[in-house]
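**Student:** Generate coordinates for the entire structure from the input sequences, incorporating the hints supplied.
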Amino acid sequence: MMVDPYYRHVGRPEIRVDARDKVTGRALYVHDLELPGMLYARVLHSPHAHAEIVSIDKSAAEALPGVKAVLTGQELPYLLGLYMIDKPILARRKVRYQGESVAAVAAVDERTAEKALSLIRVEYRPLPAVLSVDEALEARVLVHEDINELDYVKGVFFPGPDSNIASWNRTIKGDLRKGFAAADLVVENELTLPQVAHVPLETHVAIAQADPYTDRVTIWTSTQSPFAVRNLVARAFGVSRRDITVMVPYVGGGFGGKAGIHLEPLAMVLSRACKGRPVKVQATREEEFNQLPVRAGMRGRVKTGVTKDGKITAMEIYFDWDGGAYADYGVNVGRAATYSGAGPYEIPNIELHSRTLYTNKVYSTAYRGFGHLETHWIVERQMDLVAQRLGMDPYEFRMKNILRDGSITISGERINAWSGRVDHCLEAVAREIGWTGYRSEAERQAAFQTGKARGKGIACLHKAPAMPTNTATAAIMQLDEEGNVRVLLGAVDMGQGVYTIMGQVAAEILDMPLEKVKVICESNTDANPYDWQTVASKYAFMGGNAVIRCAEDLLRQLKEVASRALHCPVEELTHGEEKIYHIQHRDKALTYRQLALGYAFGNGNAIGGPIIAHGHYIAEGLTNLDADGQGLPALDWTYGAHGVEIEIDVETGEIRVLKMASAFDVGKALNRKLCEGQIIGGAVQGLGSALVEGYKFTPDGRLLNPSFTDNKIPTAKDIPDQIVPILVENPQVDGPFGARGLGEHPMISVPSVVANAVYDALGINFYELPLSPERVALAIARHSDPANAGCNDPSNASAGRDNPDASGRHAASPRGETA
Amino acid sequence: MREMESRMFEMESTAPRVQLNCIVNGEAVSAMVDPAMTLLNFLRKELKLFGTKEGCGEGECGACTVIMNGLAVNSCLVLAVEAGGARITTVEGLGAGGDLSILQREFMKHDALQCGFCTPGMLMSARALLDRNPDPTMEEVKEAIAGNLCRCTGYVPIVEAVLSAARLEREAGRS
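Top to bottom, those sequences are chains A and B. Taking my numbering, I'd label the letters of the first sequence as residues 31 to 849. Taking my numbering, I'd label the letters of the second sequence as residues 52 to 226.
These are calculated hints, taken from the structure and not from any lab test. Among the hints, erroneous ones may be present.
Unchecked claim - Here are the simulated lysine-lysine pairs, DSSO-like style, with alpha carbons at most 27 Å apart:
(1) B/LYS160 with B/LYS193
(2) A/LYS703 with A/LYS689
(3) A/LYS430 with A/LYS208
(4) A/LYS703 with B/LYS160
(5) A/LYS689 with A/LYS482
(6) A/LYS482 with A/LYS742
(7) A/LYS726 with A/LYS747
(8) A/LYS546 with A/LYS618
(9) A/LYS208 with A/LYS341
(10) A/LYS689 with A/LYS742
(11) B/LYS193 with A/LYS742
(12) A/LYS747 with B/LYS160
(13) B/LYS193 with A/LYS703
(14) A/LYS747 with B/LYS193
(15) A/LYS747 with A/LYS689
(16) A/LYS747 with A/LYS703
(17) A/LYS546 with A/LYS703
(18) A/LYS548 with A/LYS703
(19) A/LYS546 with A/LYS609
(20) A/LYS482 with A/LYS747
(21) A/LYS689 with B/LYS193
(22) A/LYS430 with A/LYS341
(23) B/LYS193 with A/LYS482
(24) A/LYS726 with A/LYS742
(25) A/LYS548 with B/LYS160
(26) A/LYS546 with B/LYS160
(27) B/LYS96 with A/LYS305
(28) A/LYS208 with A/LYS338
(29) B/LYS160 with A/LYS689
(30) A/LYS338 with A/LYS430
(31) A/LYS609 with A/LYS548
**Tutor:** Here you go:
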């Protein structure tokens, strides 16, 4: 493995600090916690997608021995929400999705709680449900009949009065009409993708212990957002942040699904109802699929104008998000799409509309990539579809429009020489998979006859953290009497390795052995310094900078004491090998250890004191987007590209990924091994979205596949034969050692690159996910049908032929292309 | 229907406890257990061995995998009483004398874990494989861990770690 000789720790493939606990079974998760007197909760769910609650009779449940509390929405007049304040803890008056929590029981054990649930009688009056984006837009039925009265973050989100539009965000840049007028070709398409589950192996779980005499509450929770939980609990219940303590031990996977607030309020009200006994609420796997939020489904309509030589002149995009019953992070996913949703290309004239819609389905939230996998499913397929129409190599078409030094993004930001290079990433993956352009129809036919069709594809991506302009984080360091450094962070390590790389960054600046830097692997909002939340691939960048500043503060304090102890000016002191020493007379030196708790002279006089340092970092220079989506929302852009080679069994429709190359301009890899781990893991998670995963609903809105039996994720047998992670390192000047975020990016554009390769293999375009064997085999069958003879002419492209082929839907869908 | 469920429930919870004797991580265990209790709950709630995780409770994810009489089993699908007389190994039993096993060390070295929640089950499936087949092919490793879901790593480093552990264990066996 390549290691930078310039650095002692940064970049090195160090073993993660939490590895030993995790291979010995000693790592404890909230899942494992038991507290004295702890009660167990179970939750009753709505069987209807949309219904009025006529009555609830809980008397029999309450009478069951061992039951300590039974709560319904009736007793809980609270509304929660991150951006739209729209969600009750338990449904009130009506239910808005099948799976919504209606009542909760706390009892001495799970079995008693489960039994109590069966004794609760709920009478519903079913209502017509909103189950598609079209039904949502029609607004004949409102998911939130009180939408006009809901509180929300004004100026950032734009709910529609008397509608199902939770927020309508837009980007308007240039002159769309002029842009299309300048085009030689206009290509219009519609693509969709379903809801997908995060699937952390540890389901959501929270324990709350509420002091019955005061407002104080302690919450142990499997979350990415301890400080956001504190903040949102305080807001929802009108209590002081002083009284709320949030503890986060190891977290068994998050992927965005554990950002924000979920089971914590329910655990808290149950504990209050049980005179302060701790109550544990843990989602079953079915609840994880059906009650807790998911990645939104989406329909994208995209229209691109291009000149004959392949320059994009205009784009018009409508992203309509099937956001489910509550807004949660969904509206912010929709907002993020407005500044990145056209892909990493320069688009002179654009109108982009992103509408997060309420529907009567399980609601949506952040999921690794924060909408970018979805938007890139639309735009990175569109890049290939346009290239096909132009008769141009999609690599060349991308390169003609790709963001470079001097390009202006769709939100009006100027890309510079230190922003990273998406062209380098695309070049790297194209080289790695041996991309030479689409194969010819003759080559396709020849391969088809063998029963195994092969194809290659490419796709690009970009993403910047989606976060408030004043997002901040901090770090604290303390020295002990042996000169060890304890580092306290506000971040949560849910496996991405943040504690490990922050240790490396600290050890690098302090020039000391990694073993002497102890990063505290637990988050406690009463002890750890503030961090907004561990989301958005922002922590390596922001936390890294905070840790650097913290380490520099530590050195400054050490030098101050050393200067008095050594009787020399601070300016003449430097550090290295755990010592502060004179720049000229190097034997004039004191070790960190000698200075850690204060320095004592020979006669006993003492100076200084225990060294405690801090460092913080706040995103600076960002601006809010204006009503046209113009502004500076991006702290740092991470660019990337994927290339794949696939093989398709033309009988079964099964896609096997032979090779996947994924390149990201990370600026500087802080730990090469952990970076590669993010890439490989993200690529396989992306393949899940590409090939197998997706929610299926009955016509009346019931989730058909809330289990691993029917909602599969990739297993060890589904991985590509070869995955090649490529780390491109064009430094980000204001990043820690030049680094940028990487956590989410590997998933983005994976479905697009696979579908692009499927076209190369079969000459068939797909517009819907997942690319399941069934979908692919049916499309091949229709494609080979003599009734469709003559369709293999590539100039005929995809319009009338592939739409019904690939999607199985009607050709009447407004996806046809016009020239 | 509801009444019937209630009766079944009563039957379960009032059923007399039964004697269970087994060997867990080399130690003899003797306990009176509810005949409806799963092996997973027995390990976690009675023996307080929290290394073994529950990811679905339906035998679909493999997080609760332990080795029972040489076979990797989903402990959420095994009743505790079925383990009568059995030898059971959990993740807590993998190391020896305060040292990590080769397999555990290779998981660390290859970064075969991220969040770590699937890791105990993954280790037990791998251990059971190497016990019956010290020289597995890559396909055999993938097959052996196909019932263990991991959402973080993409499996590649796990497969590498198991193959590497197999090689090192063979070498250690020869020396």
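**Student:** So, for every hint listed, does it hold in this structure?
**Tutor:** Each hint tested on the structure:
1. Only pairs whose Cα atoms come within 27 Å are accepted, and B/LYS160 paired with B/LYS193 is accepted, the gap being roughly 19 Å.
2. Our distance criterion of 27 Å between C-alpha atoms is met by A/LYS703 and A/LYS689, whose separation comes to about 20 Å.
3. In summary, the hint linking A/LYS430 to A/LYS208 is supported, as the alpha carbons are separated by about 20 Å, within the 27 Å threshold.
4. Distance check on the hinted pair: A/LYS703 and B/LYS160 sit about 10 Å apart at the alpha-carbon level, within 27 Å; holds.
5. Annotation: proposed proximity of A/LYS689 to A/LYS482 holds, straight-line Cα distance about 15 Å (limit 27 Å).
6. Straight-line distance between C-alpha atoms of A/LYS482 and A/LYS742 comes to about 25 Å, which keeps the hinted pair within the 27 Å bound.
7. Restraint check: the Cα-Cα separation between A/LYS726 and A/LYS747 comes to about 24 Å, which is no more than 27 Å; the hinted pair holds.
8. At roughly 23 Å between alpha-carbon atoms, A/LYS546 and A/LYS618 fall within 27 Å of each other, so this suggested pair holds.
9. Taking the CA atoms of A/LYS208 and A/LYS341, the gap is about 14 Å. The hint holds against a cut of 27 Å.
10. Among the hinted pairs, A/LYS689 with A/LYS742 is consistent with the structure: their alpha-carbon atoms are about 22 Å apart, no more than 27 Å.
11. Restraint check for B/LYS193 and A/LYS742: satisfied, since their Cα atoms lie roughly 17 Å apart, inside the 27 Å limit.
12. Between A/LYS747 and B/LYS160, the direct Cα distance comes to roughly 22 Å. Compliance with the 27 Å bound is thereby established for this hinted pair.
13. For the hint pairing B/LYS193 with A/LYS703, the CA-to-CA distance comes to about 22 Å; that is within 27 Å, so the pair holds.
14. Between the alpha carbons of A/LYS747 and B/LYS193 the distance comes to roughly 6 Å, so the proposed pair stays at or under 27 Å and holds.
15. Of the pairs offered as hints, the one joining A/LYS747 and A/LYS689 holds, with about 15 Å between alpha carbons and a cut-off of 27 Å not exceeded.
16. Taken as a hint, the A/LYS747 and A/LYS703 pair is honoured in the structure, with Cα atoms around 23 Å apart against an allowance of 27 Å.
17. Restraint check: the Cα-Cα separation between A/LYS546 and A/LYS703 comes to about 21 Å, which is no more than 27 Å; the hinted pair holds.
18. A threshold of 27 Å between alpha carbons decides the hint, and for A/LYS548 with A/LYS703 the separation of about 20 Å falls inside it, so the pair holds.
19. Our distance criterion of 27 Å between C-alpha atoms is met by A/LYS546 and A/LYS609, whose separation comes to about 14 Å.
20. Between A/LYS482 and A/LYS747 the alpha-carbon distance is near 19 Å, which keeps this suggested pair within the 27 Å criterion.
21. With a CA separation close to 17 Å, the supplied pair A/LYS689 and B/LYS193 stays within the 27 Å bound.
22. Restraint check for A/LYS430 and A/LYS341: the C-alpha separation of about 6 Å stays at or below 27 Å, so the hint holds.
23. Between B/LYS193 and A/LYS482 the CA atoms are separated by roughly 23 Å; this keeps the pair inside 27 Å, and the hint holds.
24. This hinted pair checks out: A/LYS726 and A/LYS742 have alpha carbons roughly 12 Å apart, not beyond 27 Å.
25. At most 27 Å may separate the alpha-carbon atoms for a hinted pair to count; A/LYS548 and B/LYS160 meet this at roughly 20 Å.
26. A distance of roughly 20 Å separates the Cα atoms of A/LYS546 and B/LYS160; the hinted pair therefore holds under the 27 Å criterion.
27. Using a Cα cut-off of 27 Å, the hinted pair B/LYS96 and A/LYS305 holds, with the two alpha carbons roughly 25 Å apart.
28. A C-alpha spacing of about 16 Å is found between A/LYS208 and A/LYS338, which places the hinted pair at or below 27 Å, so the restraint holds.
29. A threshold of 27 Å between alpha carbons decides the hint, and for B/LYS160 with A/LYS689 the separation of about 24 Å falls inside it, so the pair holds.
30. Between A/LYS338 and A/LYS430 the alpha-carbon distance is near 12 Å, which keeps this suggested pair within the 27 Å criterion.
31. Note on A/LYS609 and A/LYS548: the hinted pairing holds, with a Cα-Cα distance of about 18 Å set against a maximum of 27 Å.
Taken one by one, the earlier hints all hold for this structure without exception.
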